[in-house]
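There are 2 protein chains.
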Amino acid sequence: MDDALVIFTPSGKRAHVAKGTTVLQAARQMGVDLDSVCGGRGICSKCQVSVGQGEFAKHGVTVSAEALSPVNAVEERYERVRGLKPGRRLGCQACIQGDVVLDVPPESQVHKQVIRKSASERVMQMDPAVRVYLVDVPEPDMHEPLGDFQRLAKALEDGFGVTGLQADLPVLSKLQPVLRKGNWQVTAAVWQGDAAQAPRLVATFAGLREAPLYGLAIDLGSTTIAGHLVSLTDGSVLASSGLMNPQIRFGEDLMSRVSYVMMNPGGDVEMTSVVREGLNNLAKALAEEAGVATAEIVETVVVCNPVMHHLLLGIDPVELGQAPFALATSEAITLPARDLGLDLAAGAQCYLLPLIAGHVGADAAAVALSEAPETKDELSLIVDVGTNAEILLGNKARVLACSSPTGPAFEGAQISSGQRAAPGAIERIRIDPVTKEPRFRVIGSEVWSDEEGFADAIATTGVTGICGSGIIEAVAEMRIAGLVDPSGLIGSSEQTGTPRSMPTGRTHEYVIYDATHEGGPRITVTQGDIRAIQLAKSALYAGARLLMDELGVDHLDRVVLAGAFGAHISPLHAMVLGMIPDCEIGQVTSAGNAAGTGARMALCSVAARRSIEAQVKRIHKIETAIEPRFQEHFVAANAIPHATADFPHLATLVTLPAVSFNVAGGGDGAGRRRRRG
Amino acid sequence: MDDALVIFTPSGKRAHVAKGTTVLQAARQMGVDLDSVCGGRGICSKCQVSVGQGEFAKHGVTVSAEALSPVNAVEERYERVRGLKPGRRLGCQACIQGDVVLDVPPESQVHKQVIRKSASERVMQMDPAVRVYLVDVPEPDMHEPLGDFQRLAKALEDGFGVTGLQADLPVLSKLQPVLRKGNWQVTAAVWQGDAAQAPRLVATFAGLREAPLYGLAIDLGSTTIAGHLVSLTDGSVLASSGLMNPQIRFGEDLMSRVSYVMMNPGGDVEMTSVVREGLNNLAKALAEEAGVATAEIVETVVVCNPVMHHLLLGIDPVELGQAPFALATSEAITLPARDLGLDLAAGAQCYLLPLIAGHVGADAAAVALSEAPETKDELSLIVDVGTNAEILLGNKARVLACSSPTGPAFEGAQISSGQRAAPGAIERIRIDPVTKEPRFRVIGSEVWSDEEGFADAIATTGVTGICGSGIIEAVAEMRIAGLVDPSGLIGSSEQTGTPRSMPTGRTHEYVIYDATHEGGPRITVTQGDIRAIQLAKSALYAGARLLMDELGVDHLDRVVLAGAFGAHISPLHAMVLGMIPDCEIGQVTSAGNAAGTGARMALCSVAARRSIEAQVKRIHKIETAIEPRFQEHFVAANAIPHATADFPHLATLVTLPAVSFNVAGGGDGAGRRRRRG
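Protein chains in written order, with numbering that gives the first Met the number 0: chain G, 0 to 676; chain B, 0 to 676.
Just so you know, the hints here were simulated from the structure itself, not pulled from any lab data. Predicted model only: the values in this text are computed from it and were never measured. Here a beta-carbon is modelled for each residue, glycine too, at the ideal position from N, C-alpha and C. Some clues are possibly wrong.
Said to hold, decoys possible - Each computed SDA-like pair below joins lysine to any residue, with the alpha-carbon atoms no more than 25 Å apart:
hint, chain 1, residue 1, chain 2, residue 2
1, B, Lys180, G, Pro264
2, G, Lys173, B, Gln191
3, B, Lys173, G, Gly266
4, G, Lys153, B, Lys180
5, B, Lys173, G, Pro264
6, G, Lys153, B, Glu276
7, B, Lys173, B, Gln191
8, G, Lys173, B, Glu276
As the list claims (entries may be wrong) - From chain B, some residues computed to sit far from chain G (all C-beta separations above 12 Å):
hint, residue
9, Asp32
10, His142
11, Asp376
Turn these sequences into a full structure, and let the hints steer you where they fit.
Dropping the structure here:
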């Protein structure tokens, strides 16, 4: 009999193949996911398999010792030079001689399932847009004067079936020296991120490149830019870093940046330039941290809100500042990274996720990709808290989206003692309801301020300010301790019974920490801080309620707090503030940096890109700016929390003191936030 | 009966269509070439037709007066506002009501056949890569927040069947203001130059644009850059201009520029920068001359030799300076013009014709496109004379190509009194064989120097030097008049009998014009000039002979002299010099600037691009640098002409004096040209 039964695990695919077929050929015939970069020449070792012996009765196969051809010279050389794990064979060399069960180890699978112990412990599906091929390019022939690129393209087509290869000038201009340095052997990185577009050569490396290629996942926020340097082999994060968005000097929130453009013709060009410079700096820092070259970064994925999106692309965002908030372009975009001024691999591509609406960006799309509410039976409210909050509500039946202009207060900006989340910033705070004394913890230390060793623990960082999650806890704790009344007014020391309530102008502030006697800072929560938080939380709450109205529900199964900041919010304190609609507190969870996770998923997987592109078309968009009910919810949600009856779950957790510090004629600086537009 | 017979002329297509069908719909159903830019809304008037009445018996059709629906309100308005030629109807408005013969006038045909009275009186086939569409874009809708670009793309798909539209950032970034300025009506210029690539939006104009779009055909030579600004509606040339290639300061010929790069790392970047700047200056000058904006230039086609090609693209040409003369890329390239630093329409594309070989460029491909030797029975030798000569030889059976390094002497460079072809340059010269006196004519004047009125005729230009065609005539006339012997030596005044043979150092020069007494120039032909011309003509002849050897022929049916310079060469004088192999003199013709014509053909026609891309693959390439026979022919061809026996046709035209000025020990500065590589 000339055929043999071959079973591949873990896929379980089985078929009869002609004896003498190599394992790699058999895998390709059977559609089994077995990698090969060198085209079956025993060089890359990506096609390793293990033979099952004896224990495969469940498959009904008897595997004889001669099921595969003996180890050949190529494998012996590979074993000698580089070593093979015990029991491993090179699939391109071993020929099938009898019935056999073959296991494809994870590192030999093209579409790897890699479980990363990252913040979100996410299973990363690996089908990156850029794949590598080891190619032997025929040397030039004066009688057949095809260009070097054409001979490379032909070798890629003949060896790997990559047809219609294209290359941009920066790649073409580097090709000749690389081919000669590698003595006509080259590792070609080819982008194939969209079946509707031609494969593109994005980078070439002389000879066989064994190291992985890298990608950059960027979450470009109005205030901060976070980046992850990711291995495109297994999705692992090699370095993560962040920086402040340098556009902040043109305006803290999005609308003030749009105003800047309206007031300063050409201002968009300035902002485009600084944000691109910021991304380059981030890429450089990440590459340095991971010990790789930026030229090894072959793709980047960026998620951001629509204004950042347009400014990054060099599109004047002025239309996004006024109804009808028309996007210049809404669909996902793939473009050369160098067109954004990014200095990565010569032909590196940049993928931007689709925008959902004029105020709901690619960052929200990334959250939708990461959290996938459309796959769940329960009704999820997903809130990505940043300078703008993006809100998704839905389940298998329907998903809605909107954004809400919370302003930067939740990020520690516009707060008197506010700062970004960095060592020294107060991130946790508790206030004793009886003594009204605070205790707190700063980023970079595990020791609370009332515990022994605190002074030592903060010796290097000091206590420098309050970050976003800290200010939420502070205001909520002040409310729980009766230092603040439901309207948001801070009581005087007479009213609250603590000298920490200090008058300042016509209002009061609560002193958390005062080291002025030793030249240190004085950290307080002012009446203005409370007002800023009230405006921000009202906007967030109103957006969530608007979506619930649209869906006709008054109950949530779960709340997911996304965003690097959302990861640190205490659900109890968020509910005391009335930031989010009522929900069983155990069902309020953090998704970490879901937008960043979505960006990484898109970076690692072409399938993920197609999935979110399709899903964004199905999401129902709500524009808060033109919904009168948004304004109603916003105004009604000013109190802390705005109406206890709306928070039945909260009542089971904490009793809020029924204080009232309203004083006639006492202007407290409160004001209605001007809406955008 | 619900059908009617419709016959379109001049195509002769006939079919039955349902009564009530508009003429435009019928044309589309029947595949008749009837233009429409506005999508059938009676705005653009591109779809005009005339009705044949009574005289169409040959078609067997009786055309009744009611064959088309009566003139409707839209047509009445159009006639009132803009006017229609008598008998014309708008095809998008007129409905077919009975059997009818309809004539599509030339201006309503998409693929126009336009005969231009240009230098080459070429029939231009019009199917340009960029077409315009008048599109009404739906206004933005906050509840369906598709981007402006996506709504434009959808309108183009729905109205005109243009699917998968793409746009680069510079176009996207300008879209929003244009749409608003045009009140949501826009003329979209869409590039569709390659079926394998997605259509690209290259420019948008608010509202209906009535003016044509423009293209730029550029012949980028080592010494000169010539450009034509062309209407993409009818192929007419609106402006032509040229400038010196600013790279000349890095080296006069190609090999000295390659050497410059080898000696000066980064020198290629300098040269890339200056040539791109030169092209931009040329584009600006042409646009200004024609009174159009560079932003209205939506495509450019560039033809050039391989070294210029690589330098333009930013590819180090160092591999082209040594065997095996490997091209980085050889196939035709389409890329955004801005990637070459060209400041044209935001999304303007640049098409570069394919290269034939390491020394035979896209300029030779353009000549092959223009002259099409592969379509002829006769054996043609086509020579494009520039700093490098590209040579094609062939007929229907086979076409060969090579290049020959003639150097810049034929362009007036390296000639003591040489200059580029400009007013004041001597372009024609005759020497009386008896008196040895010269008479000549300069560019910009029709009067010969021995005719009355010469002084007036040259009053503004003066006599400034000798251009390329002038130096060829001068040397040939000197040979005919016996002032120069077959070896190229200039005789002394004793030997020649004219005081115009003046000693200079150890050799002699012939004085053509001397105005030093009035502060003017002194124009002579020196021994060095003769040597430079001998080297150049030997190289050209040797290349042609090499191709004839390869094809196994010793006889030519015709010789075509291409190049702006070739247009001015006198065939007789070229044969006296032995520049070209023997041929019947009536069969030596000029094709004018054939490379420029080929560039214009490619600019006007996508079909022309596909045709030359296919043809270049079939052309057989000969590399002169590695053919020992080239060197043999080169050495043997030094004499003027090298052996009269090889020029039987020449002998019937002129008798060359059997002089000999060889003087023992008289070093004359002659030397063998160093070959490249």
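Outcome of the hint check:
1. Of the supplied pair hints, the one linking Lys180 (chain B) and Pro264 (chain G) holds, its CA atoms being roughly 18 Å apart against a limit of 25 Å.
2. For the hint pairing Lys173 (chain G) with Gln191 (chain B), the CA-to-CA distance comes to about 29 Å; that exceeds 25 Å, so the pair is violated.
3. Taken as a hint, the Lys173 (chain B) and Gly266 (chain G) pair is honoured in the structure, with Cα atoms around 15 Å apart against an allowance of 25 Å.
4. Our distance criterion of 25 Å between C-alpha atoms is broken by Lys153 (chain G) and Lys180 (chain B), whose separation comes to about 48 Å.
5. In summary, the hint linking Lys173 (chain B) to Pro264 (chain G) is supported, as the alpha carbons are separated by about 14 Å, within the 25 Å threshold.
6. Between Lys153 (chain G) and Glu276 (chain B), the direct Cα distance comes to roughly 35 Å. Violation of the 25 Å bound is thereby established for this hinted pair.
7. With a C-alpha separation of about 20 Å, the suggested pair Lys173 (chain B) and Gln191 (chain B) falls inside the 25 Å cut-off, and the hint holds.
8. Using a Cα cut-off of 25 Å, the hinted pair Lys173 (chain G) and Glu276 (chain B) holds, with the two alpha carbons roughly 22 Å apart.
9. Taking the minimum C-beta to C-beta distance to chain G, about 29 Å, the non-interface status of Asp32 (chain B) holds against the 12 Å cut.
10. A cut-off of 12 Å between C-beta atoms contradicts the statement that His142 (chain B) is not in contact with chain G; the least separation is 7 Å.
11. No Cβ of chain G comes within 12 Å of the Cβ of Asp376 (chain B); the nearest lies about 27 Å off, and the non-interface call holds.
Checked against the numbered hints above, the structure breaks hints 2, 4, 6 and 10 and satisfies the rest.
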